[in-house]
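Under the UniProt record's numbering, the sequence shown has 38 at position 38, and the numbering climbs by one with no breaks.
One thing to keep in mind: the hints can contain errors.
Claimed, not checked - Taking CB as the label site, the calculated pair distances span: (1) Arg267 / Ala140: 47 to 53 Å; (2) Lys110 / Gly134: 30 to 36 Å; (3) Ile18 / Asp299: 40 to 46 Å; (4) Lys270 / Glu137: 44 to 50 Å; (5) His388 / Lys139: 24 to 30 Å.
Stated by the list, open to error - Straight-line Cα separation of at most 25 Å, SDA-like style, residue types lysine to any residue; simulated pairs: (6) Lys314 / Glu346; (7) Lys393 / Phe404; (8) Lys177 / Asn208; (9) Lys314 / Leu324; (10) Lys371 / Ile352; (11) Lys63 / Pro40; (12) Lys177 / Lys69; (13) Lys121 / His93; (14) Lys121 / Asn102; (15) Lys270 / Asn186; (16) Lys110 / Asp201; (17) Lys63 / Asn323; (18) Lys390 / Leu358; (19) Lys63 / Gln105; (20) Lys152 / Leu141; (21) Lys69 / Pro225; (22) Lys172 / Arg307; (23) Lys150 / Lys234; (24) Lys270 / His93; (25) Lys139 / Leu76; (26) Lys151 / Asn132; (27) Lys151 / Thr211; (28) Lys126 / Leu136; (29) Lys63 / His33; (30) Lys167 / Leu141; (31) Lys316 / Ile345; (32) Lys167 / Ser99; (33) Lys215 / Glu346; (34) Lys121 / Pro40; (35) Lys69 / Pro40; (36) Lys234 / Gln45; (37) Lys167 / Lys234.
Think of the hints as simulated: they come from the structure by calculation, not from any bench.
Since the model is a prediction, treat every value here as computed from it, not as a measurement.
Ideal Cβ placement from N, Cα and C applies to all residues, glycine included.
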Amino acid sequence: MVKEQFRETHLAKKISHITFAINSHHDIARQAHVNVVCHPLYSEQDHTPVPYSALDPRLGLCKKQGECKTCNLPYLDCIGHFGYINLEFPVFHYGYFKSIVNILQSICKKCSRVLLDEQAKAQYVKRVSNPNLGYLERKALRSQILKKVKKKSVCPYCGDLNGVVKKAGLLKIVHQKFKNQKDILNPLEVLNLFERIPVNDVPFLMMNPNTGMPKDLLITRIPVPPICIRPSVKYDFKIWYKNEDNLTMRLSQIVLLNDQIRQSRERGMKMLQYNDVLEFIQIHTAFYINSQVTGIPLDKQPTNPGRGLVQRLKGKQGRFRGNLSGKRANFTARTVISPDPNLRIEQVGIPIHVAKTLTYPERVCTANIEKMRQLVLNGANKHPGANHVKIMKNKEVTSIFLGFANRAKDRSGI
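Generate the whole structure from the sequences, applying the supplied hints.
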């Protein structure tokens with residue numbers, strides 16, 4: 001019996017549409033079961049997983065013995081459960097960093113309104129609210145609005161000066177209000193600005209308020225994946241020694257840095273005094289998402305970057321190309337596969353041209369002779385059909401291509 005990968009619902013439902021949205025910190029907590037707050041992974045006494053750590057037993061199982069503490073199911077039936085880490089200080093999302101810079105350039109850094117006057121908003125309101133707008137059209141419209149707001153140096157609502165916003169180094173943003181004055185915007189300041197953006201102004205940022213808000217582009221809560229996708233490898237020659245997955249060690253390090261930030265705040269330390277810790281947790285969070293981050297100073301580069309979430313999904317060795325599509329078998333062709341709600345989870349759809357070209361040898365017997373005759377009548381240009389008929393006479397095999405042959409005559413020979 002293989003490990004369960006999905007669960008079918010008992011209710012039959014028809015899918016109307018699919019919407020891709022940003023996972024907010026409320027969604028992360030609602031989908032999770034454990035708040036991970038402990039840095040040690042194992043207890044020193046009996047070397048069992050520490051509760052509320054990245055290896056909490058309520059996150060699932062990675063061994064065949066025992067039961068899950070959340071669903072009380074064995075290893076083969078438990079699909080794993082998520083946890084979360086509440087960050088004491090928000091950090092920039094490495095994948096959304098460019099979008100964060102563009103939004104900061106589009107809004108006032110004092111009142112958080114989009115830098116478009118009422119006349120310009122009336123000009124764009126119908127186009128930005130059109131749900132049927134294509135991807136390329138939305139991209140062109142976003143570039144057009146961004147180009148217009150970059151020319152605005154004064155906010156039309158509060159009259160505050162707004163300069164150029166650009167990135168400076170690794171995950172750092174600078175606001176150049178004047179020629180000789182640069183202000184570094186930390187993630188907390190950016191989060192406060194995004195939280196004050198009016199809901200009516202969000203569509204002008206080419207975002208849908210129902211599926212994601214600008215504040216969701218920053219990380220305030222990190223999801224902790226189930227243990228089954230980051231299992232611990234136990235060595236045979238040592239009873240207690242285990243080799244932990246890179247994601248587990250990265251999460252444990254984030255919890256340690258997060259605890260240091262909390263202790264510094266409780267002591268009343270200013271942010272400049274623990275600024276290095278903030279930079280370290282920003283780097284570790286970026287490596288947790290993408291381990292191929294560039295531009296890190298030499299003194300802050302991790303010794304073992306490992307494989308981040310991006311590396312586990314993309315590329316030839318990723319989940320899609322390496323595990324889902326990477327199957328080799330005889331009588332197959334290369335094509336692009338995709339999921340389909342009309343297919344089962346273990347089925348894959350292929351183009352009709354490939355289905356008519358692929359061949360599979362099948363011997364004719366009394367049980368399938370009527371089916372084989374119908375396939376010969378369908379021929380090579382109709383699916384399901386047959387491409388060739390091989391007839392053995394006097395120990396010699398004659399192959400007939402049904403694309404140009406008399407199929408009724410060849411059918412009579414079966």
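Okay, the hints, checked on the actual structure:
1. Arg267 / Ala140: 47 to 53 Å: At roughly 51 Å between Cβ atoms, Ala140 and Arg267 fall inside 47 to 53 Å, so the hint holds.
2. Lys110 / Gly134: 30 to 36 Å: holds, 35 Å
3. Ile18 / Asp299: 40 to 46 Å: holds, 45 Å
4. Lys270 / Glu137: 44 to 50 Å: holds, 48 Å
5. His388 / Lys139: 24 to 30 Å: violated, 49 Å
6. Lys314 / Glu346: holds, 21 Å
7. Lys393 / Phe404: This hinted pair holds, its Cα atoms lying about 22 Å apart.
8. Lys177 / Asn208: violated, 29 Å
9. Lys314 / Leu324: The given pair, whose Cα atoms are some 12 Å apart, holds under the 25 Å limit.
10. Lys371 / Ile352: Holds. Lys371 to Ile352 sits at ~20 Å (cutoff 25 Å).
11. Lys63 / Pro40: Status holds; Cα separation ~20 Å.
12. Lys177 / Lys69: With Cα atoms ~54 Å apart, Lys177 and Lys69 exceed 25 Å; violated.
13. Lys121 / His93: violated, 29 Å
14. Lys121 / Asn102: Holds, at roughly 18 Å.
15. Lys270 / Asn186: With Cα atoms ~14 Å apart, Lys270 and Asn186 stay inside 25 Å; holds.
16. Lys110 / Asp201: holds, 15 Å
17. Lys63 / Asn323: Holds, because 21 Å separates the two Cα atoms, which is no more than 25 Å.
18. Lys390 / Leu358: Distance ~16 Å between Lys390 and Leu358 Cα, so the pair holds.
19. Lys63 / Gln105: The given pair, whose Cα atoms are some 50 Å apart, is violated under the 25 Å limit.
20. Lys152 / Leu141: holds, 17 Å
21. Lys69 / Pro225: With Cα atoms ~16 Å apart, Lys69 and Pro225 stay inside 25 Å; holds.
22. Lys172 / Arg307: Holds: Lys172 and Arg307 sit about 24 Å apart, inside 25 Å.
23. Lys150 / Lys234: violated, 56 Å
24. Lys270 / His93: OK: Lys270 and His93 at ~24 Å, within 25 Å.
25. Lys139 / Leu76: Violated. Lys139 to Leu76 sits at ~45 Å, over the 25 Å cutoff.
26. Lys151 / Asn132: violated, 29 Å
27. Lys151 / Thr211: violated, 29 Å
28. Lys126 / Leu136: Within the cut-off at roughly 17 Å; holds.
29. Lys63 / His33: Holds, at about 20 Å.
30. Lys167 / Leu141: holds, 23 Å
31. Lys316 / Ile345: holds, 22 Å
32. Lys167 / Ser99: Status holds; Cα separation ~11 Å.
33. Lys215 / Glu346: The hint is violated at about 38 Å.
34. Lys121 / Pro40: Roughly 53 Å between the alpha carbons, so the hint for Lys121 and Pro40 is violated.
35. Lys69 / Pro40: Holds: Lys69 and Pro40 sit about 19 Å apart, inside 25 Å.
36. Lys234 / Gln45: holds, 18 Å
37. Lys167 / Lys234: With a Cα-Cα distance of about 43 Å, the restraint between Lys167 and Lys234 is violated, given a limit of 25 Å.
The structure does not agree with the numbered hints 5, 8, 12, 13, 19, 23, 25, 26, 27, 33, 34 and 37 stated previously, though it agrees with the rest.
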